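Participant: Chains as they are written, first to last, in my numbering: chain A, 2 to 220; chain B, 831 to 1474.
Careful, some of the hints might be misleading.
[To be verified] Chain A residues, not near chain B, derived (Cβ > 12 Å throughout):
#, residue
1, 45
2, 54
3, 57
4, 58
5, 73
6, 81
7, 89
8, 122
9, 132
10, 143
11, 150
12, 186
13, 202
14, 212
[Claimed, not checked] In silico BS3-like pairs for lysine-lysine, Cα to Cα no more than 30 Å straight-line:
#, chain 1, residue 1, chain 2, residue 2
15, A, 105, A, 126
16, B, 895, A, 165
17, B, 1427, B, 1443
18, B, 899, A, 58
19, B, 1107, B, 1006
20, A, 165, A, 126
21, B, 954, A, 105
22, B, 1317, B, 1334
23, B, 875, A, 205
24, A, 105, A, 132
25, B, 1054, B, 1006
26, A, 165, A, 132
27, B, 1317, B, 899
28, A, 165, A, 105
29, B, 1334, B, 1226
30, B, 1427, A, 58
31, B, 954, A, 58
32, B, 954, B, 1040
33, A, 165, B, 875
34, B, 1427, B, 1391
35, A, 58, B, 1006
36, B, 1334, B, 1443
37, A, 205, B, 1006
38, A, 205, B, 1443
39, B, 1391, B, 1317
40, B, 1447, B, 899
To be clear, the hints were calculated from the coordinates, so they are not data collected in a lab.
Owing to the predicted nature of the structure, the values given are computational and were not obtained by experimental measurement.
All C-beta atoms in this analysis are idealised placements derived from N, C-alpha and C, irrespective of residue type, glycine included.
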Amino acid sequence: MSLRWPNPFSSQASYAIPLATPLRELRFVILDTELTSLNPHDNRLLSLGAIAMTGTKIHLGEQFYRLVNPGIPVPSDTVVVHKLRSNDVARGETANEVLTAFQKFSEGAILVGHFVRIDLNAIRKELAIEKRDFAQNAIDTVRVHRWIVSRTKCAEDVGHAHEKLDLSSLSAVYGLDIHDTHHALEDAFLTARLWQKLLCSIEKLGVRDLDSLLRIGST
Amino acid sequence: MASSSHSVVTESVISFLQNVPPFEFLPSAELATVARTMSLEYFPKDSTILSAGNPASEALYIVQKGAVKLAIRTQVGKELIIDMRSEGEFFGLLSFLGRDIARLDVTAVEDTLCYAISSQDMQKLMSRHRDVSDYLLRTSVTRYVDRSLNELRSQTNLMGSSERLLYALSVRDVAKVSPLLCPGDTSIRDVAKLMSQRRSSSVFVIDENKNAVGIVTDRDLAEKVVARGMSPDLPVTKLMTSPVIAVDEGDPVFNVLLTMLGRNIHHVLVTSGGFPKGILTSHDLMLLQGKSPLNVVEHIDQQQTLEGLANAHKRVSDLLPLLLREGAKASHVTRVIAEMNDRLLARILNLAEEKLGPPPVSYCWVVLGSEGRREQTFKTDQDNAIIYADVEPTNKDSVSAYFADFASFIESALQACGYPPCPGNYMATNSRWRQPLSTWQGYFDQWISGAETHDTEDALIFFDMRPIAGDLSLFRSLSAHVQPRVKEAAFFKSILAYISTQHKPPLGFFRTFVLERSGEHKSTLDVKLYGTGPIVNAARLFAIDVGVEASNTAERLRAIKALAYADPPLIDDLCEAFEFLTMLRIEHQLRQVREAKSPDNYIAPDTLTTLQKSLLKESFHSIARAQSFIEDRFRSAVWAQLGR
């Protein structure tokens, strides 16, 4: 049995990953974006970083990093965070070009991100401008983490419900060396390392295949 | 696709690799290429990364953070940890070079991140960079698979391994002779039959001039014939791989290893003068290392001159640090030392006979004390004697003169090989210890019956006598004379017991150090006097008491245990204590030898680790228990006279 796993970039073509595919054989693309602001209504994409994984294995050679020229000035209050100034992104490509390349990079993979809804929302808006469609299914590491906490009665290892859930804080909880970079590729890489840990944890809790992963983590 | 310039992520991989040999030898452009072929894998604590018997590793792993243990499982299911790998160290290489199955269990001992480079990418890298493959082989081949095989083997066979000797071997030392050959027009079917009949994994195809033109391995049969349906009626030339990679029988083994690795092949043809002579497989190379001390032994046996022997013997002292570093047990190390010394001595005795002519009567060369017990460490001198056949009074002087020359030849030869004369003059050059059988019998009778502690203490080393060469029946006659007498000699045994319990282990060692109180060795512990010595004495006493003939302490204890003479746990504990204390001595002496000091037995307690201290304490307790057992069993009126 297999699920029609929608290609996030097209309502037309979809491809199928069998639901019974074991976690260890699933291909993931872990992504992160930098945006002009956190306002979901008018923010624009500035950069997209991603790295590929198979199961818990991070493919160091399969990296994706592109700068996007948003066509609007970058608000100065966010430059402090992501260090991307207007003239830095001026040499960037259009969102359409970057997302076309990303579509190719992420083909056949399950998207994973930290609070991934924010990234997907930004991508979807950019695609909407070009009248392109976007389906927003992806795995959110925060959801998976919450599920683990809810399943682990004795949750002292992974903190408790009122903890901070941003990428740096959660990475620290999982014992990763943190680096607060706000660089889309580096954050995607850190998310990938967090994903390694989460995968091992959910595997121990009985999550073995795509079917059960989607139940606990898809957004 | 991925960005073409180095991303921050790639940079972090490169900067890690720049501190990891052999990758640090690579130019940075190559490092970037390598980094992009790698993956980063995560293994939670206690997860299994590779398991023995399962498919081989598909990658070389470099530990980025955390640590893994490499272990093998023995036939009885006991886990033997071969090695640990931590940050910057690698594992998996020989597994994928072997390509069939993994030979070790690799388990994460903490949460571990590893960079992994696939076997294909690694093969490519090694063929491009000789220094990388050299380094990996030097470290892995010796440290990894062979060491594990050795570890297994060492449970029955006392020989260890040494990387340096591995490199000294040439192909002819290890290759199998008579490779399977067949003409090119043989059908694949017949070749398969031939291989199966001869239980061979490969066959070389030869042309009419007997030159090898190709090779067929069982893998070819599986992959091309069975899996891809190639017709078995075709001639074997359709199946074979050519050209054949050949090495000369005189080539060093290490070069062959590099050839196999560089070309990713597992079989090479061994030629002599260009003609097929043998075959060498990667498996042979993996099995090879345990042989190397044997190779030293052979090397000693081949020497024709005293200078040659002295040089050959230097290789023995090179061997010891390697044995220790590779984790050999103390008893193995001392056995290897004894084996080497015995061979050396046997060869010197041959040289002496060649020089002085055949002996006028048969003789037996015996060694005494620690050499007799096969328990020598670095600190070793000559303790030996000659027993020769009884002679008519008319020949007495000429026979005595021959053996005087003989003994003096041996003494100087041994000295040339690095064995100083015995300070107590327990040597065959001393006429007292160069006597006919009947005189020796008299000596022992005297020691046994009229014992005084002073004499007995001096005589102890003669009760650890072991024959080396010559007419062994002389030794057996002496032993047959002594054994029944000493077994019944209650008085003598009581004296021995007194001596064995004279040096009490310093049980207060860890609270108030009981150390040498003055002199050169102030604040140290004499680990021989208080440690190994009392165990040697106890084992000897027990052996005499029950009539066990072995001269080695561990063998004596094992034989005694089988006889249910004393509490079996006590005997086991003594064995372990002896092993541990011997190891302490050897390690201590090795350190001294490295620092160009002359080896002794004085250990400073503050140099010991916590674990060593607690083992030392346990050892002392075992000795104390043995001593109270001895006191209960052998105490007699004579002890009061001796002062206790």
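Participant: Does each hint hold? Answer for all of them.
Facilitator: Outcome of the hint check:
Taking the minimum C-beta to C-beta distance to chain B, about 21 Å, the non-interface status of residue 45(A) holds against the 12 Å cut. Remark: the non-interface label on residue 54(A) conflicts with the geometry, its nearest Cβ contact in chain B lying 8 Å away (cut-off 12 Å). With a least beta-carbon separation of about 5 Å from chain B, residue 57(A) fails to lie farther than 12 Å from that chain, contradicting its non-interface assignment. Residue placement check: residue 58(A) does not keep its beta carbon more than 12 Å from all beta carbons of chain B (closest about 5 Å).
Every beta carbon of chain B lies more than 12 Å from that of residue 73(A), the smallest distance being close to 24 Å; the non-interface claim holds. At the 12 Å boundary, the C-beta of residue 81(A) stays outside the reach of chain B, the nearest C-beta of that chain being 19 Å off. Taking the minimum C-beta to C-beta distance to chain B, about 15 Å, the non-interface status of residue 89(A) holds against the 12 Å cut. Separation of residue 122(A) from chain B is adequate, the least Cβ-Cβ distance of about 25 Å exceeding the 12 Å criterion.
Look at residue 132(A): its CB is around 26 Å from the nearest CB on chain B, clear of 12 Å, so calling it non-interface holds up. For residue 143(A), the non-interface assignment is confirmed: its Cβ lies about 19 Å from the closest Cβ of chain B, beyond the 12 Å cut-off. Distance check on residue 150(A): its Cβ is at least 17 Å (rounded) from any Cβ of chain B, clearing the 12 Å threshold; non-interface status holds. Not every CB of chain B lies more than 12 Å from the CB of residue 186(A), the least distance being 6 Å, so the non-interface label is violated.
Not every CB of chain B lies more than 12 Å from the CB of residue 202(A), the least distance being 8 Å, so the non-interface label is violated. Its beta-carbon lying about 23 Å from the closest one in chain B, residue 212(A) satisfies the requirement of being farther than 12 Å from that chain. Between the alpha carbons of residue 105(A) and residue 126(A) the distance comes to roughly 19 Å, so the proposed pair stays at or under 30 Å and holds. Under the criterion of a C-alpha separation no larger than 30 Å, the hint pairing residue 895(B) with residue 165(A) is consistent with the structure, at around 26 Å.
The straight-line distance between the Cα atoms of residue 1427(B) and residue 1443(B) is roughly 24 Å, inside the 30 Å bound, and the hint therefore holds. Our distance criterion of 30 Å between C-alpha atoms is met by residue 899(B) and residue 58(A), whose separation comes to about 20 Å. Simply put, residue 1107(B) and residue 1006(B) have alpha-carbon atoms about 9 Å apart, close enough for the 30 Å limit, and the pair holds. The hinted pair formed by residue 165(A) and residue 126(A) meets the criterion: a straight-line CA distance of about 28 Å does not exceed 30 Å.
Between residue 954(B) and residue 105(A), the direct Cα distance comes to roughly 28 Å. Compliance with the 30 Å bound is thereby established for this hinted pair. At roughly 25 Å between alpha-carbon atoms, residue 1317(B) and residue 1334(B) fall within 30 Å of each other, so this suggested pair holds. Between the alpha carbons of residue 875(B) and residue 205(A) the distance comes to roughly 13 Å, so the proposed pair stays at or under 30 Å and holds. Straight-line distance between C-alpha atoms of residue 105(A) and residue 132(A) comes to about 18 Å, which keeps the hinted pair within the 30 Å bound.
Proximity of residue 1054(B) to residue 1006(B) is assessed by CA-CA distance (about 26 Å); at most 30 Å being required, the pair is judged to hold. Among the hinted pairs, residue 165(A) with residue 132(A) is inconsistent with the structure: their alpha-carbon atoms are about 37 Å apart, more than 30 Å. Straight-line distance between C-alpha atoms of residue 1317(B) and residue 899(B) comes to about 50 Å, which puts the hinted pair past the 30 Å bound. Between residue 165(A) and residue 105(A) the alpha-carbon distance is near 34 Å, which puts this suggested pair outside the 30 Å criterion.
Only pairs whose Cα atoms come within 30 Å are accepted, and residue 1334(B) paired with residue 1226(B) is rejected, the gap being roughly 47 Å. Annotation: proposed proximity of residue 1427(B) to residue 58(A) is violated, straight-line Cα distance about 52 Å (limit 30 Å). Taking the CA atoms of residue 954(B) and residue 58(A), the gap is about 21 Å. The hint holds against a cut of 30 Å. Distance hint between residue 954(B) and residue 1040(B) is unfulfilled; the C-alpha atoms sit about 33 Å from each other, more than 30 Å.
Restraint check: the Cα-Cα separation between residue 165(A) and residue 875(B) comes to about 26 Å, which is no more than 30 Å; the hinted pair holds. Among the hinted pairs, residue 1427(B) with residue 1391(B) is inconsistent with the structure: their alpha-carbon atoms are about 39 Å apart, more than 30 Å. Of the pairs offered as hints, the one joining residue 58(A) and residue 1006(B) is violated, with about 42 Å between alpha carbons and a cut-off of 30 Å exceeded. Pair hint residue 1334(B) plus residue 1443(B) holds up; C-alpha atoms about 18 Å apart against a cutoff of 30 Å.
For the hint pairing residue 205(A) with residue 1006(B), the CA-to-CA distance comes to about 49 Å; that exceeds 30 Å, so the pair is violated. As the CA atoms of residue 205(A) and residue 1443(B) are separated by approximately 40 Å, the hinted pair breaks the 30 Å bound. Restraint check: the Cα-Cα separation between residue 1391(B) and residue 1317(B) comes to about 18 Å, which is no more than 30 Å; the hinted pair holds. For the suggested pair residue 1447(B) and residue 899(B), the alpha carbons sit about 29 Å apart, so the restraint of at most 30 Å is met.
Hint check: violations occur at hints 2, 3, 4, 12, 13, 26, 27, 28, 29, 30, 32, 34, 35, 37 and 38; the rest are consistent with the structure.
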